[in-house]
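Asks: This is what each chain is made of:
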Amino acid sequence: MGNSMKINLQVWRQKNAKTEGRFETYQVNASPDMSFLEMFDVLNEELIEDGKEPVAFDHDCREGICGMCSMVINGRPHGPKQAVTTCQLHMRSFNDGDTVVVEPWRANAFPVVKDLSVNRSAFDRIISSGGFVSVNTGNAVDANSILISKEVADTAFESAMCIGCGACVSACKNASAMLFVGAKVTQLSALPQGQPERESRVVAMVNQMDAEGFGACTNTGACAAECPKEIPLSVIATLNREYYKAKLNGK
Amino acid sequence: MKLDSKIPQGSISDKWTSYKSSVPLVNPANKRNLNIIVVGTGLAGASAAATLAEMGYQVSAFCFQDSPRRAHSIAAQGGINAAKNYQNDGDSVYRLFYDTIKGGDYRSREGNVHRLAEVSTNIIDQCVAQGVPFAREYGGTLSNRSFGGTQVQRTFYAAGQTGQQLLLGAYSALERQVGIGNVKMFARHEMIEVVTIEGKARGIIARNLETGQLERHFAHAVLLCTGGYGNVFYLSTNAMGSNVTAAWKAHRAGAVFGNPCFTQIHPTCIPVSGHYQSKLTLMSESLRNDGRIWVPKKQGDDRHPNDIPEEERDYYLERRYPAFGNLVPRDIASRAAKERCDAGHGVGPSKMAVYLDFKYNMMNKYGKEEASKKGIKNPSDQILLELGRDVIKGKYGNLFDMYKQITDENPYEVPMRIYPAVHYTMGGLWVDYELMTTVPGLYALGEANFSEHGANRLGASALMQGLADGYFVIPYTIGNYLSKEIHTKPISTDHEEFVKAENKAQARINHFLTINGKRSVESYHRELGLIMWNKCGMARNEKGLKEAISEIQALREDFYKNVKVPGSADEFNPELDKAGRVADFLELGELMCLDALHRNESCGGHFREEFQTEEGEALRDDEQYKCVFAWELKGENNWELHREELNYENIKIQQRSYK
Ligand SMILES: Cc1cc2nc3c(=O)[nH]c(=O)nc-3n(C[C@H](O)[C@H](O)[C@H](O)COP(=O)(O)OP(=O)(O)OC[C@H]3O[C@@H](n4cnc5c(N)ncnc54)[C@H](O)[C@@H]3O)c2cc1C
Ligand code: SF4
Ligand code: FES
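Residue numbers (the working numbering), protein chains in the order written: chain A, 1 to 251; chain B, 1 to 659.
No lab work stands behind these hints, which were simulated from the structure alone. These numbers come from a predicted model, not from an experiment. Positions of the beta carbon are idealized from the N, C-alpha and C atoms, including for glycine. Any given hint could turn out to be false.
[Said to hold, decoys possible] Covered stretches of chain A, as calculated for chain B (at least 3 residues, CB under 8 Å): (1) 51–57; (2) 133–140; (3) 159–171; (4) 182–192.
Based on the provided sequences and hints, a complete structural model is requested.
Replies: Written as structure tokens, this is what we have:
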């Protein structure tokens, strides 16, 4: 603690979606126990003091769960550590004197709002096309009346852990959203509650995904490698299987 | 102003049923012509917006994050309570009701709390139907754990991510209504004014945070589901963006604020590590199921925790509160930690921490259980530890990972270091039984209102309350108001009150941008937080509170002279958003101190050093303070105090004891 490290930052600055962006270089004094975003707080404080514009970036929970933070760090979404979001990354993962390049998610479906902040509303539209169980409030039966084996519950939970951050899209050279969509489809098709809409759901979500301009999947696996919640690549296989089955059944 | 809580007549267990069967309804054709604004898409807001839209109302929903799924509720870890009695351990609606009233140190309303306990069971059913993957037993039934302040297992959970799973359930219901066209969703929008016309709430002014544009939105009723204001302390477990702005603007528009000083300091958070610290991270209360809290018996003991022998450890909660042990309510656990650290027994670099140790239960509870399941005879300590570790990992794995990521220490091997931190605000907008504030047509749900938790909230009860309010309470109670509004045609947003409100908001934004001083918004926020933590935090006294009030006033004055807000109003400008929020905190902080100063007793999380028992427990004064403090804004820094007396007809008030 306390020992200071110098970091050379190259940060993407872009006023809005309509203007061109460029890298700017900054030097920051950090401490190893600081989080990556706290280092940006320090940088921004200094920029404000110098009468310059602070760097805009998205963040909220800073606990790795809201999915808001989104920086590509040295070419990797959420940075160098496995299974860690940008906000949970700490400066002890870097060395004194390192140069660190920071960019926003890059994908046509995620236009830049400003600097490191992008618009991910395409994800919401995919969910609203079918990522739910159609059950109105008040229609539910007693929670224990349908038994669900622990294995099924655990599978559903594992996929439901997706935080909707978009790192998978950013990591993919085609900007495909298959991991994100696959996670939701896997969760709901595993559970008894998801059965009635199983086929219509997957078709609607895939159609919306295509309409938003996400790219095709070529099974490279970069998405799962960068996913901070370790959503497994197998959800894409499930998604494909569910989709073709629904198509075969004329959905 | 006379406060009317509108608690229905009748016996406690009939109130809600008879209310529901007699409340006026709005027919489907009329619902389609009624607009409702829901500000906030956390558990309270998302569940309300989805349900009201399912019923046929036209809903507009707002949140300041880039997606409704990112509301602060997403971060809730431990669980949600419900009186299901699935464990057959003697739970009931009455017991949940009783525990909540007692846990709140007898400062909440019986009628509201009983209703909450009644609907708690429906919440679990609804969430399961949506596909929320709660933890289950091998037999396929739902699993439960214990939380503080109770002696039954009634907490439902999804690993350490219960809030996430519940919110994603509510969010998916909300998105379904967005798809159908019954909800218009406005993400990255911040409400910055309430518009009232002839005394009724008729809409809001919102700022599109991406473009900076101010927008006027009309509705027949406005619901604020905007969360708590713990960030007035700067450092808290709340998300960075959590703020009081919506509630504060409602307060300025006439809504009375209830019990503002009632703050929950959570006992188990990761301690502060440096001056750059931006927030604090909670380690869920559920860990107290299996973690034992201790400090060294010797003051200033610098040995490694694993080198301190059993007999030199003070398990102070087990010692002081044998009946509840490590599972005493939060206020009590927090104060006990502070007491030990102040007495020189704190650990870690700052000496402001205590240990939360899993080793005992890893070996003796889970290790032995697993060994016997596997038929291992006379297992060594090492084997017990390994077997137990896997069980602990299954229960709390993500929390342990998070702890390691932040502190660089492995909690499977070294006890966690924890210290209390600001976590939740029981205070909030005063609402009646129908969740309406003192402004007709303006409602407050979830953490934003003051209602069910009295002076201390029990763990796993906020998620329960948020979803109760949104799924099961407001859909009924709003009918009582809207049934009388069916003849109100939509009011044009050219109405002078909309224009006035927008001009006010615009002027304020322009003002921030033209001060052009030297200090960042953040630096003011930090300074305010320190005043609040030191003088209106875990322990309060008259002298400190008076000092705090004048310090906050001076800081506020300085803010309006010296703050520097970069950038412009017509772009994405997070610094400008922050300036508005901090300006509101600078007003709220003063009111919190005023409230704490006037409440000359200790109760729940409000601990006035002047009022304590010989054993250092909170000393209530039921003669004078068995009431809600409700503050009405009369002018700048000028409030009038109203009291709502609390009547206990079913529960006998006692000195709260967990011994
Ligand atoms: C780390 C942590 C763990 C917790 N764990 C538990 C737990 O295990 N069990 C439990 O019961 N409780 C827990 N709590 C408490 C609980 O999570 C919260 O009290 C609860 O989620 C609040 O829900 P809400 O819907 O009232 O508000 P929030 O979830 O805070 O949502 C607020 C919403 O309002 C919006 N908003 C706010 N202001 C504006 C504005 N001006 N304009 C537009 N939109 C606005 C936000 O965008 C957001 O959508 C925990 C809290 C924390 C901090
Ligand atoms: S699948 Fe992983 S990377 Fe993609 S959005 Fe979900 S959590 Fe983020
Ligand atoms: S800020 Fe919430 S996940 Fe990083």
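Asks: Does each hint fit the structure? Answer for all of them.
Replies: Hint check results:
no., hint, in the structure
1, 51–57, "holds (count 5)"
2, 133–140, "holds (count 8)"
3, 159–171, "holds (count 4)"
4, 182–192, "holds (count 3)"
In summary, this structure violates none of the numbered hints.
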